[in-house]
Structure formats: C-alpha cells, structure tokens
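2 protein chains.
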Amino acid sequence: MNTKIALAQVNFFVGDVDGNADKMVYYAGQARSEKAQLIVFSELALSGYPPEDLLFRESFHQKVKTALQRLVATSADIDIILGAPWLDNNAVYNALFYLSEGKILAYYAKQCLPNYGVFDEKRYFTPGDKACIVHRHDLAMGLVVCEDLWHSGPATQAFSAGADCLISINASPYDHYKPTQRLDILRQRQLEAPLPIIYVQSVGAQDECVFDGGSLVLNQKGDVILEAPYFKEGLSYIKCQGQKFTSLEKKITAVTEESLIYDALRFGVVDYAEKNNFHGALVGLSGGIDSALTLTLACDALGCDHVEAVLLPSRHTSVESMDLALEQVRLLGVKHSIFSIEPTYEALISTLGDRLSKDETDLPHQNVQARARGVLLMALANQTGKILLTTGNKSEMAVGYATLYGDMAGGFAVLKDVYKTWVYRLSRYRNKQQYAIPEKVITRAPSAELAPGQTDQDSLPPYDVLDRILEAYIEGEKSIADIAASGFASLDDIKRVIKMLYRAEYKRRQSAPGIKITTCAFGRERRYPISQGFV
Amino acid sequence: MNTKIALAQVNFFVGDVDGNADKMVYYAGQARSEKAQLIVFSELALSGYPPEDLLFRESFHQKVKTALQRLVATSADIDIILGAPWLDNNAVYNALFYLSEGKILAYYAKQCLPNYGVFDEKRYFTPGDKACIVHRHDLAMGLVVCEDLWHSGPATQAFSAGADCLISINASPYDHYKPTQRLDILRQRQLEAPLPIIYVQSVGAQDECVFDGGSLVLNQKGDVILEAPYFKEGLSYIKCQGQKFTSLEKKITAVTEESLIYDALRFGVVDYAEKNNFHGALVGLSGGIDSALTLTLACDALGCDHVEAVLLPSRHTSVESMDLALEQVRLLGVKHSIFSIEPTYEALISTLGDRLSKDETDLPHQNVQARARGVLLMALANQTGKILLTTGNKSEMAVGYATLYGDMAGGFAVLKDVYKTWVYRLSRYRNKQQYAIPEKVITRAPSAELAPGQTDQDSLPPYDVLDRILEAYIEGEKSIADIAASGFASLDDIKRVIKMLYRAEYKRRQSAPGIKITTCAFGRERRYPISQGFV
Numbered sequence: 001m002n003t004k005i006a007l008a009q010v011n012f013f014v015g016d017v018d019g020n021a022d023k024m025v026y027y028a029g030q031a032r033s034e035k036a037q038l039i040v041f042s043e044l045a046l047s048g049y050p051p052e053d054l055l056f057r058e059s060f061h062q063k064v065k066t067a068l069q070r071l072v073a074t075s076a077d078i079d080i081i082l083g084a085p086w087l088d089n090n091a092v093y094n095a096l097f098y099l100s101e102g103k104i105l106a107y108y109a110k111q112c113l114p115n116y117g118v119f120d121e122k123r124y125f126t127p128g129d130k131a132c133i134v135h136r137h138d139l140a141m142g143l144v145v146c147e148d149l150w151h152s153g154p155a156t157q158a159f160s161a162g163a164d165c166l167i168s169i170n171a172s173p174y175d176h177y178k179p180t181q182r183l184d185i186l187r188q189r190q191l192e193a194p195l196p197i198i199y200v201q202s203v204g205a206q207d208e209c210v211f212d213g214g215s216l217v218l219n220q221k222g223d224v225i226l227e228a229p230y231f232k233e234g235l236s237y238i239k240c241q242g243q244k245f246t247s248l249e250k251k252i253t254a255v256t257e258e259s260l261i262y263d264a265l266r267f268g269v270v271d272y273a274e275k276n277n278f279h280g281a282l283v284g285l286s287g288g289i290d291s292a293l294t295l296t297l298a299c300d301a302l303g304c305d306h307v308e309a310v311l312l313p314s315r316h317t318s319v320e321s322m323d324l325a326l327e328q329v330r331l332l333g334v335k336h337s338i339f340s341i342e343p344t345y346e347a348l349i350s351t352l353g354d355r356l357s358k359d360e361t362d363l364p365h366q367n368v369q370a371r372a373r374g375v376l377l378m379a380l381a382n383q384t385g386k387i388l389l390t391t392g393n394k395s396e397m398a399v400g401y402a403t404l405y406g407d408m409a410g411g412f413a414v415l416k417d418v419y420k421t422w423v424y425r426l427s428r429y430r431n432k433q434q435y436a437i438p439e440k441v442i443t444r445a446p447s448a449e450l451a452p453g454q455t456d457q458d459s460l461p462p463y464d465v466l467d468r469i470l471e472a473y474i475e476g477e478k479s480i481a482d483i484a485a486s487g488f489a490s491l492d493d494i495k496r497v498i499k500m501l502y503r504a505e506y507k508r509r510q511s512a513p514g515i516k517i518t519t520c521a522f523g524r525e526r527r528y529p530i531s532q533g534f535v
Numbered sequence: 001m002n003t004k005i006a007l008a009q010v011n012f013f014v015g016d017v018d019g020n021a022d023k024m025v026y027y028a029g030q031a032r033s034e035k036a037q038l039i040v041f042s043e044l045a046l047s048g049y050p051p052e053d054l055l056f057r058e059s060f061h062q063k064v065k066t067a068l069q070r071l072v073a074t075s076a077d078i079d080i081i082l083g084a085p086w087l088d089n090n091a092v093y094n095a096l097f098y099l100s101e102g103k104i105l106a107y108y109a110k111q112c113l114p115n116y117g118v119f120d121e122k123r124y125f126t127p128g129d130k131a132c133i134v135h136r137h138d139l140a141m142g143l144v145v146c147e148d149l150w151h152s153g154p155a156t157q158a159f160s161a162g163a164d165c166l167i168s169i170n171a172s173p174y175d176h177y178k179p180t181q182r183l184d185i186l187r188q189r190q191l192e193a194p195l196p197i198i199y200v201q202s203v204g205a206q207d208e209c210v211f212d213g214g215s216l217v218l219n220q221k222g223d224v225i226l227e228a229p230y231f232k233e234g235l236s237y238i239k240c241q242g243q244k245f246t247s248l249e250k251k252i253t254a255v256t257e258e259s260l261i262y263d264a265l266r267f268g269v270v271d272y273a274e275k276n277n278f279h280g281a282l283v284g285l286s287g288g289i290d291s292a293l294t295l296t297l298a299c300d301a302l303g304c305d306h307v308e309a310v311l312l313p314s315r316h317t318s319v320e321s322m323d324l325a326l327e328q329v330r331l332l333g334v335k336h337s338i339f340s341i342e343p344t345y346e347a348l349i350s351t352l353g354d355r356l357s358k359d360e361t362d363l364p365h366q367n368v369q370a371r372a373r374g375v376l377l378m379a380l381a382n383q384t385g386k387i388l389l390t391t392g393n394k395s396e397m398a399v400g401y402a403t404l405y406g407d408m409a410g411g412f413a414v415l416k417d418v419y420k421t422w423v424y425r426l427s428r429y430r431n432k433q434q435y436a437i438p439e440k441v442i443t444r445a446p447s448a449e450l451a452p453g454q455t456d457q458d459s460l461p462p463y464d465v466l467d468r469i470l471e472a473y474i475e476g477e478k479s480i481a482d483i484a485a486s487g488f489a490s491l492d493d494i495k496r497v498i499k500m501l502y503r504a505e506y507k508r509r510q511s512a513p514g515i516k517i518t519t520c521a522f523g524r525e526r527r528y529p530i531s532q533g534f535v
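First to last, the protein sequences are chains A and B.
Following the numbering used here, the numbering of the first sequence begins with 1 at its first residue and continues without gaps.
Following the numbering used here, the numbering of the second sequence begins with 1 at its first residue and continues without gaps.
Because the hints were derived from the structure by calculation, they are not lab data.
Some hints could be false.
Identical chains blur together in the list; that is why a pair holds if it fits in one copy or across any two.
Subject to a maximum C-alpha distance of 16 Å in a straight line, what follows is the list of computed EDC-like cross-link-like pairs (lysine to aspartate or glutamate) [unchecked claim]:
hint, residue 1, residue 2
1, Lys63, Asp88
2, Lys65, Glu34
3, Lys239, Glu249
4, Lys499, Asp16
5, Lys65, Asp22
6, Lys251, Glu101
7, Lys221, Asp184
8, Lys478, Glu58
Construct the complete structure from the given sequences, taking the supplied hints into account.
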C-alpha cells in the first residue's frame, strides 16, 4: 500500500486551545484534500508549548478535553497524530494521541521529561513508561515525544516492541547549535534502533523561546530525505510504502548559522508582537550598532510602515551619530522622529539641585540621561500602542552595561541573547542581503555617549575578549581558572568580568524578555540568585 | 547517658561557602562550651539555600568539599549534623552529613525532591533511596532532610530501620500558613512513625524567600517541647536521655499571623539590603497607605537613620496627602526631602508636543508623572548608594495597577506579595505596637493621584472583593465559574479582574523581587506565560 503522510509544522498559541484546534482542523482538511492518510502535529499542539502553570488549572484541561473531541471527530476522514497535555486521575501527562476513524486509536505518555535549561516538565508531568506501536497503513509506527529521542530508552523500547519506523513529535526550542545537534541525536538513535524517523517540529515563538520548524524525515540509513523549511508554517509530505519513505518536496534552499539566527530573532519579534496585540514597534536609534540592528530586525519583522525610529540626542551625542542614524532611516525608508533630551535632563538636574553630583560624567548623571530617554520612548509607546523594543545585547546584559528603566525600558529585548561580536556578524550578514546599516555604524568604536568622549572600551575589555570570557563562563560553565588557563585574557580581567556578571543579576531580573538563541539565555533558562556570596 | 543537643538556627548566605563554614565553626564552639555533644545545622547549610544554578558549577562544589573538611576537623570536639550539596560521580545530592570524632560517620541523600512552587530541586539533585540511622549518645537517630517529612516514605523507612527519634534539617520558605502546616505535617508523620522529632529550620532571607526559624522539638506524643524564636539566629538546647527529650529553653512569647508576616517582611528587607551591600533605603512617600507601610517597615528593618522618605508632589497631589506624609515623617523621626515633579513633567510634555494627547487625564500622562518620580528616586538611589524600595502591593501587581519604570522602579518590592486588605491589617497591627502611620492614611479612600479626583475604585472593584477574587484564583487555583458560584462578586467583575491579571504578566516580569508570604507569590513561584490565548 502507498501511504501519504503530512508533517504539519504549525504555529500554535499557548493557551488558545480552541484556536489551536481550529488550525488543526484546517490543516487536516488541507492534507485530506491532498490525499494524505495521516497528518502529524507537534508536541502539546493543542495547548501550545510551553503552557507553564496553566497546566495547574482544571478549566484549562477542560478546554483541552473538549477540543480533543473535535479532533477525534475530524479523524473520521484522516488519521491524526497530535500532542496534548492530559489530565487523568490527578496526574498530568505530556501525551500523544493517535486518532483514527473518529476514535482514539492509541495514547502515549512522554517518558523522558526535561527539567533543565528552559524546561520545567517535572513540575507538571508524570512520566509514562510504555512504548506505543500503532499498526496502520502497512506500518508499525513507534510513537515518541521530543526528549524521548534524546535518550536511549524509548527508541530501543519501540524497536524491541516491533516498530518499523519512529514518529517523533516535538516542541524543541531553538538555539544556534540545535539544527546540527538534532540531526546528530537522531542518527545516534538509529545506531540503537535502525529505523526511519519522521521528526515533526513546531514553529513559532513563545516569549523567550522560538521553535524553528525544519521538520525532518530520515531514511533507515540516516539520510535526510525531507527537511521542511525553517521558521515557516505549513505542510510537507512524504510517501511511504512499508519502510520505504520518499519525499514529495523540493529540496529547500541552504541555510547558514547567520541566516537561522537572524530569522529566529525576526520571527521572535513577529510572534511576540502578534501574540500580544502590538501593531508596530518603536526603536530608540542612537547611531550605534545595537539599535541599528534592532531597527533593521523590527522593519524586517513588522514591515517598515509599522516601525518608528526615535532619535533622542543629548549634549553628548556626536554629529556623526545623528548623521548615521538619519542615514539608516533613509536606507530603510522608516518613519523617524527626533526629541532632544536636554530640556528633560535640565529639569531633572535642576530639581535634584545639590543632591546630584556636580560632575556630569558621574554615573548618576549618565543614568538620568538614559532614563529621560526611557520616559520619552515609553510615552510614545503608550500613546501609539506600539511596543518599545530595547536594544541591549547579551554582552551588555551580562556585565550590567545598561541602565535599568533607561535603555532597558521596553517590552521586548531583541538582542538580549546576542553577544556583541554576533551583533557585528549579523549586521554584516543583513547588509549582504541588502544594504541597511551604514558601514560606518559597523566600523566605528562603540560608545554609550552618556559622557564626553566615552567609549565602551573605557570600562570593558575589547568585545572579542569579553565575549570569549562570557561564553566560556556562561554557556561553557568553565571556571575562572580554566578560562585563565586558555590564555586569551588576564586573570584580573576575567575576575573583573565575572564579578560584573554576578553583580548585574538584579538588573537582568528586571529586564524585558528576549529570544533565546544560545544554549544558556538570560531569563528562565539561567537561574542564579541575586543575593550571593560566591563571587 | 545524658546528651545535650544544640539546634542551630543560622542565617547562611547562598554561595558564601567559607563564610557559612566560619559560622558553623563558631556555633559549634559555642555549643561545645555549653557542653553540648551534638549540634544540628539546617538543610544545605554549607551552600546556603537555594543555591540555584551555582550547583552547575564545578568550582562551587570544590569550595563545598574544602569547607566540609574544616567541619570534619571541628567534629573532633563535638558531633555535627549539617546539610550540603554533594557532587559524587557526576550526580549531585542534597546531602546530610553526620560528622563525629574528626570523621564522616554517616551520609544521607534527600529522597523527596520538591519541584513545585519556588522549588526546582529535580533540576539539580538526584534523589537518595536509603534510610540513615546513626547510633550515638544512646540514640538511634533517623536522619532526614526537609521535604522527606512531607511524605510518608522516609519517616516510616527510618522507623522500620530502627530509629528511635527523627532529626530533620530544613530550609523551608515561609508563607503565612507554614508555621501551622509544619506542625500538622510533623504530627501526621508521627501517626506513621511514632517517634520524637527534632526539626531544625534555617533563618534568613534569600531574594524572594524568607526562612522563619521557629525550629521545633516534638516529644513522642506530639507535644511541642521546644519552639525556637522566629526570625532570629541562635542556638536552642534540649537534653535527652534515651528517647526522653527535655527542653532547656524558656517558653517563647506568643506570635500572631500579623506579627509573623510583619517580621517576615522586615527580615526580608534587612537581609536583602545586607546581602547586597546597601546601607540604607529610600522610599517615595505619597500619603497613601502602601508607601506608609513600606516606610515603616524600612525604618523597622534598617533603622530610621538609614532611611530617607522622598515626597514627590505634582499638581494632582492633595494638600491632605502632603500633610499626612509629613505627619508620618515626624512620627517616625525619619529624614525626608521634597521634590516637585512639575518641572520634569512640563519638560517631558513640552518635548513630546503634539505626540502626546492633550488630555492630561489620559494614561500616557499618568505614566509620565509616575516615571518622572521613578527617575528622580533612582537618581537619589544612585547618588546615595541606598536601595530604592518600591511600594506596590500584591493586588496592584496582580491587575497591573502600577507603572513600569514609574512606581515599579526600585530594587526591592517590599509588599509585592501582600494583598491590599493585608496592607491595612499590617498597618493597624504596627500602629498597635507603636503609632507610626497616621490614622487618616488608613481610613481615607486610596488614590494614585495621577489625575484630578482619581480613586483606585474608579477602575477596580473594592479591594475586599478584588482580593477575594485574586486569592481564590491565584492561591486557590479556582476557576472563574467556581468563584462566581460563591456569589461575592459578579461574573463580569471576576472576568474583568482575571483578564487584567493575565494582561499584567509582562509588567510583573519586569518587577523587582519581593518577599513571598503567600502560597503563590509572583516571581519564581508562579510561572505563567506573557503571550497566551487562554484568557
């Protein structure tokens, strides 16, 4: 028999159970009209991923149960695999349902529950312990959920139970290693359970996480016979005859690390804005590279017509910065406005009188300037209903080189998980597609321009050194001694940077959410105390 | 044989392993000089609780191992029970050590790992599975760690293994039900394992959690024969002859729900300031009850000499508000200063020109005022090195009745987990001890005074109704339908409030940390998505 299977890579919305069911019914119909016999949706498709503490609410589970009945009815016409949280006898499972001929044909509970990184699945779910093999369409499908394939157990278990292929449904948060790592893991599983694998990954962004799509089908030899597009909702089809799988899709265009990260960030902005009902964005544009890249991403995400660049010069803003900001505004064709912060700054310092230091290069003065900008930008955001995007990068967020309620003010921190050296790489990448960021913005020395003649390197090591220290310590979990041993930075510099990292935790705790693109993003993923005596 | 045991209720500091070891050596010496044969420290005493992701750092475990050796040496003179994280063979255990005669006599790994509420223990620890009975001083001590006694297994297991008493070491975050609940749980365990219990609880605050002390000893019949003071570091002693335990302490003074909550908040401020090197605090004082209670708590915590009240009037500030604020300043004898926000507000609106609505009662105008205050207060905080305390209560944080970067600006949110109705109760309680909050502040209608004639009740249900809705939904996890069924509020009001609750998540995500006093505090304990389609 010849079977056609649809891999449904869909952007589900956490909590919007009815809307998610609507989408599934729609795509099931579409797959049916393409003569598919089975459609496969991703992990926790009905609830969206991750539903977090919504899983503690009885009324949430009621919605899921009602919506599942609709999908059961839909399965009269086409078999459906989907993920849903399942409340049963006071326990909640991260479940997979196989629906067929208007009935629940099979049910599987995820066995390996991730409880590291951004994941809290042991907070919510009870693990299953049984394999689930469904015999349909001349196939013995071994069904698993996401993390199950990151460990040895479930694949081998399904293989032993007679599976002749594996179908894995996933909601796997993107980081820049993930696409490669995912493929490695699948091939590692095939060493233990030599079966073709259908790997359906969700797509869409949810607060700090972005799901990248790129669903895969591997034949028994580990060749990728289908790779669905990244960051794009839609169906992909394969045909199978017994264990012989054939892709019905064209080869997709090649992606690079830069293109994927850029798209992850862009997609993160799109979804955060859409899911939170913002119809546009504001960006404070300084003439520096962070705000230049943020503005470009905002335009690429929401369309230039929905974006406004706001220039907020002070006495310390150089002519060059203004010129470069205005040049970029012209390049992008984006609306802009200019507000001097001087009257507000003057009012603030005259109000504070002798309570503020007389030296206007002092930190309190710098912060007052940054916060005057924050208030002006937020007023525009409140008035227009647009979201204010913050522009700080991961290197700055790490060492606290940012002003709370100043440049940190805003609803979404686009570059929060992007190291400064990556800000440069992404800017160059974007310019290669189409010139959008004035070259000089990329090549000039970075400065916060909060004091005369200031540059970032006055108080920080060069960014290439800083980023290597940070990445080794944060993502690499290396010790100060280990980092010093690799020799690219002095022990003093490393100690100073790590001290700054710990001391800035209180700022990060009040920062806007931003898209995770590394293996250890600030936010839900990295949980350090504010009060600590370790460093 | 007659044995004297010291219960060591100590304020350990997360990450400060050497400092924590110093404290243990000090208290062991003190107990020894009081002729005690055994001193018992709390859960994860060496690392502080909770160490969070520090547990992922090899160098952190190295420090713990080195420090444990010091305690082992100290045990030449006195037996020591202590908690420490223990890295062994790539697994980390939440461990208990029994040190005696300069050796590790016994080792126990916590079996029940909490992974709910504020707890993430399954993120870090591997559970143990064995009982640990130590035979010393004519006792067969069954040793357990915290959550172990909240379930049936470990106590029964120790009893079956021959224990004739239980010693439990704890780091149990306070909430206002905890003191009663703890005693209930211990007595429940005694039904299954009829043994005397020595329950050592830590004391001190760590970011959002406060540990209340109040260590207990129960005899076999469940009578409390010793209750150590709440919120106070120190040693308490019992004597035992076989299973017969006798307290060597005086009966402590009675506590009430109000006194414990008040002390929890006060203690939270003390420890947050101390552990983060702030030598004083600023409070923006409005003449309203939230800032009045916050100021009083700050003075009680840090001493009036280290606190400054800042009055920031605008055109909408009533004479009564100013008078009441000044009256309270006099009552407390605290330093104050006054800064009009008018020049800053004028500068901001003139800068924004026609980009801001002309109607100054509009929300953007209200936010601009709140943020002008935020900038002025933060400038004073930066200049003085004092911490700015925010004054918003839980009811406001729940529905988003607060301005990001405005009244939400600050390092610590003292009343973040205190419902408005509790703000009233605590204010009355404090006034009964000593009059500190002008009566009129308590009795007048609450108003944000950001627009003419505004009161909170213009946009919110009365606080007693609001708080019942919120408490039922947040702590009670009841559905909207269930709350409506109890009849104290209209379905429309409930729906409106719950919608506000979900919509304000983005604000809470950027709020300062504050002390947890309920069973579901905003912060690490309550994990809801910002983007959601559920409500």
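Hints and how they fare:
no., hint, result
1, Lys63 / Asp88, "within (14 Å within a copy, 45 Å between copies)"
2, Lys65 / Glu34, "neither (28 Å within a copy, 63 Å between copies)"
3, Lys239 / Glu249, "within (10 Å within a copy, 79 Å between copies)"
4, Lys499 / Asp16, "between (42 Å within a copy, 14 Å between copies)"
5, Lys65 / Asp22, "within (14 Å within a copy, 56 Å between copies)"
6, Lys251 / Glu101, "neither (33 Å within a copy, 71 Å between copies)"
7, Lys221 / Asp184, "within (13 Å within a copy, 60 Å between copies)"
8, Lys478 / Glu58, "between (43 Å within a copy, 8 Å between copies)"
In this structure, the earlier hints numbered 2 and 6 are contradicted, and the remaining ones agree with it.
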